[in-house]
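Student: As a plain string of letters, each chain reads:
There are 2 protein chains.
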Amino acid sequence: MNKIKVGIIGLGNVGSSVIRVLRKNSALIAQRTGLNIEIAKAADVRNRKSVAGKAYTKDVARVIDDPEISIVIECIGGVDPAKKYILAAIRKGKHVVTSNKEVIAKHGKEIIAAAKQAGVHVLFEGAVCGGIPILHPIRECLAANRITEISGIVNGTTNYILTRMTRDGISFEAALAQAQKKGFAEADPAMDLDGSDAAYKAAILAYVASGSFLDVNRIYREGISKIAPEDIEYAKEIGYVIKLLAIIKIGNNELEARVHPTLVEANHPLAKVSDNFNAVFVRTDAMGDAMFYGEGAGGLPTASSVLSDVIEISKKLGCCVEEPHYPKANKMRIRDIGDIRSRYYIRLEAPDSPGVLAKISGVFAKKKVSIQEVVQRESKGKTAQIVIILHENREKDIRAALKVISRLPVVKRICSVIRVGIE
Amino acid sequence: MNKIKVGIIGLGNVGSSVIRVLRKNSALIAQRTGLNIEIAKAADVRNRKSVAGKAYTKDVARVIDDPEISIVIECIGGVDPAKKYILAAIRKGKHVVTSNKEVIAKHGKEIIAAAKQAGVHVLFEGAVCGGIPILHPIRECLAANRITEISGIVNGTTNYILTRMTRDGISFEAALAQAQKKGFAEADPAMDLDGSDAAYKAAILAYVASGSFLDVNRIYREGISKIAPEDIEYAKEIGYVIKLLAIIKIGNNELEARVHPTLVEANHPLAKVSDNFNAVFVRTDAMGDAMFYGEGAGGLPTASSVLSDVIEISKKLGCCVEEPHYPKANKMRIRDIGDIRSRYYIRLEAPDSPGVLAKISGVFAKKKVSIQEVVQRESKGKTAQIVIILHENREKDIRAALKVISRLPVVKRICSVIRVGIE
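Same order as they appear, the protein sequences are chains A and B.
Sequential numbering from 17 applies to the first sequence in the numbering used here.
Sequential numbering from 17 applies to the second sequence in the numbering used here.
In case anyone wonders, no lab produced these hints; they're calculated from the structure.
Some clues are possibly wrong.
Identical copies look the same in the list; a pair holds intra-copy or inter-copy alike.
With a cut-off of at most 30 Å between alpha-carbon atoms, the simulated DSS-like pairs for lysine-lysine come out as follows [said to hold, decoys possible]:
1) K428 to K242
2) K19 to K347
3) K197 to K375
4) K331 to K344
5) K21 to K198
6) K21 to K332
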């Protein structure tokens with residue numbers, strides 16, 4: 017039996033769940049893997065003796081400095097002091113497991129570089145979609161594939177809100193209130209609603225798929241607060257569902273990474289992912305398409321992912337080749353949002369009078385933006401709602417055309433601009 | 017760079033796809049994993065020099081006996097001669113990768129025992145659902161979880177037929193003809209239609225989840241040929257979709273494994289898996305629920321899985337601990353189909369006259385089978401269609417009750433008995 021001593025930093029929901037799952041299933045893990053994983057020390061500034069028993073310590077240094085501990089699990093969350101502790105553990109030659117999406121998305125490059133130098137593993141399956149196995153399957157199971165696209169519903173809060181808006185026809189504000197009542201949105205849901213949380217996960221997915229860490233601040237993001245019930249309704253009429261997607265496309269040394277509401281075809285598997293569920297859709301050259309689906313949050317699910325990382329590293333510790341292989345990263349250029357190509361859904365208000373469509377179409381034609389479909393919706397008084405679906409065009413050209421259109425005297429207001437995909 | 021020489025036996029669709037993917041992506045694989053995987057020899061009795069180049073040989077022994085080859089990929093399919101070659105390679109100390117569901121389902125116990133004795137790895141990700149990563153995620157990513165249930169749509173042919181029947185309201189025969197026309201059903205689709213193919217996959221999933229190989233002949237199976245358009249319609253009316261599921265439930269030293277048509281709640285993720293797609297739904301104590309979705313067949317997708325197994329083994333070859341860990345299998349009792357508990361959908365024909373329902377209900381009551389709902393459907397002439405939904409009951413009791421009911425003078429015919437799940 018291979019005995020592995022691990023240390024935990026942070027005994028909140030995830031940290032205490034790790035202890036709980038390990039206590040419950042350690043015999044099963046031993047039987048399956050031959051590993052005897054023991055929590056040697058578990059630190060939290062708050063007294064958590066009731067959770068960790070005699071492993072409990074108030075002092076993080078006692079985890080990081082313990083020569084018997086080979087794997088440190090960071091469960092604090094956020095950047096400070098998590099990053100400091102992760103780097104300290106790495107420098108002490110410890111392998112690190114974390115479910116901290118923010119610190120990996122923002123400082124993954126530095127953390128991986130430090131790990132490479134120290135010859136240790138850093139794994140973070142729990143950082144994306146809680147308990148759903150995603151990073152490991154992409155890294156290991158698809159290792160023979162060229163991954164061309166990843167599209168994910170990676171934020172449960174916004175998916176819950178969009179699902180309520182779609183099913184009940186209610187406003188964003190009403191759906192948000194419901195989400196908060198049901199515990200699917202935090203008191204301050206800003207990071208979820210504006211796409212930041214999804215952007216963290218996009219950065220991590222992009223790294224695992226491409227080997228390159230990109231600057232998370234350069235990931236284009238748009239939240240869901242401007243989505244109107246009308247957009248959801250019109251989308252439905254033309255066979256689409258609106259979802260907040262994290263989209264990664266990988267080309268030859270060029271990477272596209274963006275987070276925004278997207279019209280997804282109603283029969284695409286992602287369109288059917290409802291409520292607080294998460295799913296990641298992956299497209300590759302050999303495997304084709306696959307989707308990984310499940311609940312994307314929670315202490316126990318995240319603990320499952322954390323422990324799978326611990327087990328993966330532990331299996332390697334018996335080997336004489338301890339040096340982990342970090343893929344050589346290609347220098348990847350990040351494609352500017354202006355250079356992406358997409359189809360678009362545009363909703364605008366205009367006086368219900370002849371000649372309006374001709375003027376709008378004229379602008380698109382001049383900017384070489386091709387229109388797929390125009391639908392004039394019901395009029396309220398003298399104002400008509402016009403929905404325009406554009407063929408795939410360059411974002412830059414569409415923005416330029418919309419700028420001109422917004423100034424046309426016949427256009428009252430451009431209400432919504434939503435990208436249409438995924439194909 | 018770690019050079020790994022592999023051999024292939026069988027150059028049909030899968031074997032030649034393995035060569036194709038490896039040729040295309042070997043630089044990518046090397047960059048990601050540090051492995052240089054080379055096809056040293058590839059055997060087929062038919063001349064396949066055009067596929068394998070100078071690695072081609074007519075003689076399987078040249079693959080198995082080559083001391084430089086450390087991993088043998090078996091791509092023949094079927095039991096004979098695949099089993100013989102797999103065992104020969106194992107005895108020569110080679111690790112084996114195969115996508116052959118039949119040989120693993122039928123002879124996995126013997127093959128794994130031989131591998132354990134020889135200290136080699138045997139992996140078979142491609143045997144279940146083509147390119148979708150399933151076995152590896154269950155084995156590795158869920159290693160800290162107690163897996164309680166696996167329910168899978170693991171046969172594309174039957175899922176395509178049921179989808180057509182559901183969408184177009186056509187008969188089984190008409191849908192089968194369509195499937196054959198579209199290439200989703202073979203000329204002789206017997207193994208797909210009667211549930212045998214799904215039973216192979218159920219046996220393999222049960223092994224990976226429990227560590228025990230059960231006798232595949234003891235897996236209860238029912239095919240889809242008796243499903244009538246009426247059943248699909250009535251199921252829809254009460255909020256269900258009919259799917260052919262492979263169901264595995266793991267309890268304390270007792271295993272349930274069965275393949276049969278099942279009424280799946282319309283909002284369950286498995287209900288939304290359409291056409292020729294496959295999906296495996298997994299329930300565990302820590303992670304909760306997850307689903308793995310994708311295309312379940314095809315040369316390139318299966319090659320993706322085969323190569324992920326090759327890469328997994330290759331990574332371990334650099335280690336001094338080469339001895340693979342095979343989980344100690346608990347002695348698992350297979351639960352008899354009579355002892356399973358399930359809800360049921362029953363459709364029968366009876367004269368449209370008073371007192372019929374009372375008689376039928378009386379029989380169920382006597383056998384202590386509780387009824388959830390009875391719906392009398394439209395009458396054709398003097399015959400009424402009666403649909404009965406039973407609460408969860410023991411299969412044995414239901415069968416006993418149905419035997420009595422079938423003999424009631426007021427019952428013309430029991431048309432359908434379909435289990436209802438998954439919860």
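Student: Hints first: check each against the structure and report whether it holds.
Tutor: Cross-check of the supplied hints:
Taking the shortest alpha-carbon separations for K428 and K242, only the intra-copy value of 18 Å comes in at or below 30 Å, while the best inter-copy value is 60 Å. In this homomeric assembly, K19 and K347 come within 30 Å of each other (Cα to Cα) only across copies, at 26 Å, whereas the closest approach inside a single copy is 40 Å. In the homo-oligomer, the alpha carbons of K197 and K375 never lie at most 30 Å apart, since the shortest distance is 46 Å inside one protomer and 49 Å across protomers. With identical chains, the CA atoms of K331 and K344 are at most 30 Å apart both within one copy (23 Å) and between copies (17 Å).
For a Cα distance limit of 30 Å, the shortest separation of K21 from K198 qualifies neither inside one copy, at 39 Å, nor across copies, at 56 Å. In this assembly of identical chains, K21 and K332 lie within 30 Å of each other by CA distance both inside one copy and across copies; the values are 14 Å within and 22 Å between.
This entry does not satisfy hints 3, 5, going by the numbered hints stated previously.
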